[in-house]
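Sequence order for the protein chains is A and B.
Residue 3 in this note's numbering sits at position 3 of the first sequence; the count goes up by one each step and never skips.
Residues are numbered in this note's numbering as their position in the second sequence, beginning at 1, plus a constant of 1000.
Just to be clear, a hint being listed does not mean it is correct.
As the list claims (entries may be wrong) - Restricting the straight-line Cα-Cα distance to at most 20 Å, the calculated cross-link-like pairs of lysine to any residue (SDA-like) are: (1) B/K1057 x B/K1040; (2) B/K1103 x B/Q1038; (3) B/K1041 x A/P102; (4) A/K24 x B/F1045; (5) B/K1037 x A/D107; (6) B/K1041 x A/K99; (7) B/K1040 x A/S112; (8) B/K1037 x A/M39; (9) B/K1003 x A/D107; (10) B/K1067 x B/K1041; (11) B/K1037 x A/S112; (12) B/K1067 x A/S112; (13) B/K1040 x A/M60; (14) A/K99 x B/N1029; (15) A/K99 x B/S1032; (16) B/K1103 x A/D107.
To be verified - Here chain B is said to cover these stretches of chain A; the calculated rule only asks that three of the stretch's residues, wherever they fall, bring their Cβ under 8 Å from a Cβ of chain B: (17) 16 to 24; (18) 45 to 57.
What the hints assert, rightly or not - If you only want the chain A side, here are some residues facing chain B, beta carbon under 8 Å, derived: (19) S31; (20) F65; (21) F74; (22) A88; (23) K99; (24) S100.
What the hints contain is simulated information worked out from the structure, not anything from laboratory work.
This one's a predicted model, so the numbers in the text were calculated from it and none came from an experiment.
Every residue, glycine too, gets a C-beta built ideally from N, C-alpha and C.
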Amino acid sequence: DAGVIQSPRHEVTEMGQEVTLRCKPISGHNSLFWYRQTMMRGLELLIYFNNNVPIDDSGMPEDRFSAKMPNASFSTLKIQPSEPRDSAVYFCASSLMEKSQPQHFGDGTRLSIL
Amino acid sequence: EDKVVQSPLSLVVHEGDTVTLNCSYEVTNFRSLLWYKQEKKAPTFLFMLTSSGIEKKSGRLSSILDKKELFSILNITATQTGDSAVYLCAKFTNSGYALNFGKGTSLLVTP
Chain A
1 DAGVIQSPRH EVTEMGQEVT LRCKPISGHN SLFWYRQTMM RGLELLIYFN
51 NNVPIDDSGM PEDRFSAKMP NASFSTLKIQ PSEPRDSAVY FCASSLMEKS
101 QPQHFGDGTR LSIL
Chain B
1001 EDKVVQSPLS LVVHEGDTVT LNCSYEVTNF RSLLWYKQEK KAPTFLFMLT
1051 SSGIEKKSGR LSSILDKKEL FSILNITATQ TGDSAVYLCA KFTNSGYALN
1101 FGKGTSLLVT P
């Protein structure tokens, strides 16, 4: 079974550039989550979707961050303009859309903003 | 947001040792507590604990929850170098969907 698929695996770009991270959830999972992991703050929730609808975006740090889920099999997280402090590993996870379901994570995108 | 606190932050043991990792949490609308193992890439799901006192077991790993004292432990017996990883503890947020993670325990098992 295919797990959660994220792309790209690594992204290095200069400050000010637009960055787009992509995620394909596990088929049949209709909850999708974006997390960010740093040494200082650990794993933090950015936003999550149920049935392609954003439910809670309170973790999105600033207006520079936006996320979309145009259909059940694809989501994007965009940063525009990017800043060095956005450097982190960004994880996408998916689960069944009942409460208290374990989430399954993708391998993450390691983002470096120079 | 509710806190999830893990201890120790890091641990170095020899192969064959038994380790106990700790996770304490604040309770608000508690549903379940989860353990994940993170090697170099994705956190992988280990256990989900909902009821107090019932041990979950998978091979050399086991975990138990104490809802009265608000903590969980993860035990690993006869450790192997392949157990080296960061172990993450998490609880569901008030929504019941998203997870609130602790900072993790970094375990290194030396030969």
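Taking the hints in turn, this is what the structure says about them:
1. B/K1057 x B/K1040: violated, 24 Å
2. B/K1103 x B/Q1038: Given pair B/K1103, B/Q1038 holds - Cα atoms ~12 Å apart, limit 20 Å.
3. B/K1041 x A/P102: This hinted pair holds, its Cα atoms lying about 18 Å apart.
4. A/K24 x B/F1045: OK: A/K24 and B/F1045 at ~18 Å, within 20 Å.
5. B/K1037 x A/D107: Holds, at about 13 Å.
6. B/K1041 x A/K99: Between B/K1041 and A/K99 the Cα gap is close to 26 Å, so the pair fails against 20 Å, i.e. violated.
7. B/K1040 x A/S112: At roughly 17 Å apart (the allowed maximum being 20 Å), A/S112 and B/K1040 satisfy the hint.
8. B/K1037 x A/M39: Roughly 16 Å between the alpha carbons, so the hint for B/K1037 and A/M39 holds.
9. B/K1003 x A/D107: Judged against 20 Å, a Cα distance of about 25 Å means the pair is violated.
10. B/K1067 x B/K1041: Cα-Cα ~31 Å, so violated.
11. B/K1037 x A/S112: Violated - the C-alpha atoms of A/S112 and B/K1037 are around 24 Å apart, more than 20 Å.
12. B/K1067 x A/S112: violated, 40 Å
13. B/K1040 x A/M60: violated, 25 Å
14. A/K99 x B/N1029: holds, 12 Å
15. A/K99 x B/S1032: holds, 10 Å
16. B/K1103 x A/D107: The given pair, whose Cα atoms are some 18 Å apart, holds under the 20 Å limit.
17. 16 to 24: violated (count 0)
18. 45 to 57: Contact hint for the region 45 to 57 of chain A vs chain B: holds, 5 residues under 8 Å.
19. S31: holds, 6 Å
20. F65: At 16 Å from the nearest chain B Cβ, A/F65 fails the 8 Å test, so the hint is violated.
21. F74: violated, 19 Å
22. A88: violated, 14 Å
23. K99: holds, 3 Å
24. S100: Since the shortest Cβ distance to chain B is 5 Å, the answer is holds.
Checked against the numbered hints above, the structure breaks hints 1, 6, 9, 10, 11, 12, 13, 17, 20, 21, 22 and satisfies the rest.
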